[in-house]
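> Chain by chain, the residues run as shown.
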Amino acid sequence: MPKPKILLQLDGDPQASVFDSVVAFDAGIDHLLRHSGVKSADVRNLVHGALFTRGLDELRRTAVFIGGGSVSEGEKLLAACVASFFGPFRVSVLLDANGANTTAAAAVLSAAAHLDLTQATALVLGGTGPVGQRVVRLLAGEGAAVRVGSRAADRAAEVCASVQKRVPNARLEPVGTPDAAQTAAALEGVSLVVAAGAAGVELLSADARRGSSALRVAVDLNAVPPLGLGGIEVTDRGKERDGVACYGALGVGSLKMKIHKAALRRLFKSNDQVLDAEEVFALGRELV
Amino acid sequence: MPKPKILLQLDGDPQASVFDSVVAFDAGIDHLLRHSGVKSADVRNLVHGALFTRGLDELRRTAVFIGGGSVSEGEKLLAACVASFFGPFRVSVLLDANGANTTAAAAVLSAAAHLDLTQATALVLGGTGPVGQRVVRLLAGEGAAVRVGSRAADRAAEVCASVQKRVPNARLEPVGTPDAAQTAAALEGVSLVVAAGAAGVELLSADARRGSSALRVAVDLNAVPPLGLGGIEVTDRGKERDGVACYGALGVGSLKMKIHKAALRRLFKSNDQVLDAEEVFALGRELV
Amino acid sequence: MPKPKILLQLDGDPQASVFDSVVAFDAGIDHLLRHSGVKSADVRNLVHGALFTRGLDELRRTAVFIGGGSVSEGEKLLAACVASFFGPFRVSVLLDANGANTTAAAAVLSAAAHLDLTQATALVLGGTGPVGQRVVRLLAGEGAAVRVGSRAADRAAEVCASVQKRVPNARLEPVGTPDAAQTAAALEGVSLVVAAGAAGVELLSADARRGSSALRVAVDLNAVPPLGLGGIEVTDRGKERDGVACYGALGVGSLKMKIHKAALRRLFKSNDQVLDAEEVFALGRELV
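Residue numbers (this note's numbering), protein chains in the order written: chain A, 1 to 288; chain B, 289 to 576; chain C, 577 to 864.
Okay, chain A solo, but in the shape it has when bound (with noise of 0.2 Å):
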């Protein structure tokens, strides 16, 4: 009888997140480890516990989800869990703190259903947080001209130089949308706009948007009124206004929670893989 599926939860937060662990069983794993609070100091000796209990044939029964509510500190944590691996003891790992890196794939996607993204030019509001990150890496990766929006022009700077080292073909730009000018001129030609900005901020209004003829589709992640995008629903799902495609939180959210399910089932596979943003996205292109 084969082991039965077993997943780490990793969590840094003091109450491990109860949306990762109900994913978790319900994508078929047999029993959870959840820990909160968790370290990166904690993580060796808790993964080490998971390399040394079952023969090397048997590792990928055992594997580890990094989530939590901050995606840098789970960074630290997947960065933690990866150097402890060595030679063939390693299993396989999936970081999805916040939500980031499927919630950044299920929106690239949704894009990606309305455009050939090679030819598309974005722009990412709020490019600079966590899933905004990983949309523009996406984005790039597939790509797309990248614009990178944040109130701060010397911030977008810095995350188009980090995300130019991982995609050296990026093209990228960095743009400062401090306000609604020079939001409105920083959407001139874009084909695609993203807003993933903090809850509660509009980043761009229903006005402006109606107002680019060239852009396409529209998709806000923003899940609390008011949106990042004005004059679009949270439940849109590819709902055509004025000739744009638009999505809502809660319409891409339908594939995000398919993209999570799979990653988690994908896990079990074999017990060397690292699921960050690409590998995330790559796994939820095969299921649209």
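If you are wondering where the hints come from, they were derived from the structure by calculation, not from laboratory data. Accuracy of the hints is not assured; some may be wrong.
Stated by the list, open to error - With a cut-off of at most 27 Å between alpha-carbon atoms, the simulated DSSO-like pairs for lysine-lysine come out as follows:
1) A:K269 / C:K837
2) C:K615 / B:K327
3) A:K3 / C:K579
4) A:K39 / C:K615
5) C:K579 / B:K549
6) B:K557 / C:K579
7) B:K291 / C:K579
8) C:K837 / A:K3
9) A:K258 / B:K291
10) B:K364 / B:K546
11) C:K845 / A:K3
12) B:K549 / C:K837
13) B:K291 / A:K269
14) B:K546 / C:K579
15) C:K834 / A:K3
16) A:K39 / B:K527
17) A:K76 / A:K239
Assemble the complex: chain A is given as a structure, and chains B and C must be docked to it using the hints.
Below, chains B and C without anything else, positioned relative to chain A:
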């Protein structure tokens, strides 16, 4: 295949209750998400993780149990849980902090096997404590005249006022029971006495109990000797002593366990139930 | 249908051991209740939750595992667990903090495959540490003459006195092994050497080992290089080196894992077992 039954256990204590967890598994749940040290401010995010992971038609496969040693803290967690629902996004929830609801229900149901509660006059000793208040609520709701006993008469009056708001038709009377003489006086004409005081304090002596000619049923909810009612054994289960049907804490316990499990199973029948004292009592009545 | 097999994992560390949890599931338990940061004062209430939820004839479907990195803390938790039982209300419990009991049992059983322990003279280097003390206890209980090695001779004498109380017939001798010369002297006439010291300290050089004509078996319990016994490999499993059967930590490890799982399974056979070093050893002997 139906989604697995997941129970979210919210417990304010530093170590989540093992008792509540074992009962949950014995009631047939598939997976348990245990949270200790839960504060009201944590509840919204935890419960939202239960609301946003499954389709509306599957929400009844996820439920919340609120435990912990403090009933007043549990009531706050319940309020925070219900406040986090919106529209059709809700899951069923059972409050049984300190076992108070299932214990009070079992105590009142045990008495009802011997008495017509609508015709009964009851004295609840320790009636201002967390279990005692629930016994008062349930007896009053069943139509009994209830004397709420407390060492401090003003505290008893506060509880009467509080219960009257919940049960408008309640017939309540606060009685000070600081010593044996006043307790004996409070017992005058009483057909049911329930002791729900702190552990290890005798609230009514065996002699005083024998001196009451109207008494028909005596229920003690304290498992640690000395019991609250002198001359009763912790295992008594309707045992006749001097013409009075007597119950000890363990004698009430097996019905309490049945009610606890039935309430957990009930949670998964629909996603819109809030099971507090009255709902747990109604459910217990179906079992006896 | 029999009640599910529930294991209560009590762990004094801030993050409960993943290792112990995975082994528990691989040993066939149904549900695991994990508690981290457990102190002696917490144990009574946690264990009572296991005692009062199921009928007496079903208590063997619930058991306790005590782990954590500190063996001395684990021993305190075990004492508190046993003290919380009363009359027939008890559940079976396994202590394996830091893997000490299963490791010591596997080490002694590995040696016993090559030696008649009743005729052996053993030297336990690092004999005052948590694993070392258990190796001393088990060897003495099997009738071997045991030299308890420690850098501090007085600490070795304390351990000898402590073990003598548990094993009245024990033949023990404290030996100071602060340097190579005294360690070589302590090895004189020894047929079995076990190194159970701290990680990364060589306690006996390969040359010193080769210089001993009586030596038949050498067991090293340290998985991190440099090993405690020079010239031995961590994967050695009875490998002959210079006429000595050699074992490294991983070489002992597969037997240790078998013993760990067998001990967990044994817990669910009856509700009255307390599995510490000697009981785990006896159980291991049935496996080899």
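> It remains to establish, for every hint, whether it holds in the given structure.
Structure-based check of each hint:
1. A:K269 / C:K837: It holds: about 26 Å lies between the C-alpha atoms, which stays within 27 Å.
2. C:K615 / B:K327: Given that 27 Å is the threshold and the Cα spacing comes to 22 Å, the pair holds.
3. A:K3 / C:K579: 21 Å, holds
4. A:K39 / C:K615: Holds. A:K39 to C:K615 sits at ~22 Å (cutoff 27 Å).
5. C:K579 / B:K549: Holds - the C-alpha atoms of B:K549 and C:K579 are around 13 Å apart, at most 27 Å.
6. B:K557 / C:K579: 22 Å, holds
7. B:K291 / C:K579: Given pair B:K291, C:K579 holds - Cα atoms ~21 Å apart, limit 27 Å.
8. C:K837 / A:K3: 13 Å, holds
9. A:K258 / B:K291: Given pair A:K258, B:K291 holds - Cα atoms ~15 Å apart, limit 27 Å.
10. B:K364 / B:K546: 26 Å, holds
11. C:K845 / A:K3: The given pair, whose Cα atoms are some 22 Å apart, holds under the 27 Å limit.
12. B:K549 / C:K837: Violated. B:K549 to C:K837 sits at ~31 Å, over the 27 Å cutoff.
13. B:K291 / A:K269: 22 Å, holds
14. B:K546 / C:K579: 15 Å, holds
15. C:K834 / A:K3: 15 Å, holds
16. A:K39 / B:K527: 57 Å, violated
17. A:K76 / A:K239: 38 Å, violated
Violated hints, listed in ascending order, are 12, 16 and 17; each of the other numbered hints is respected by the structure.
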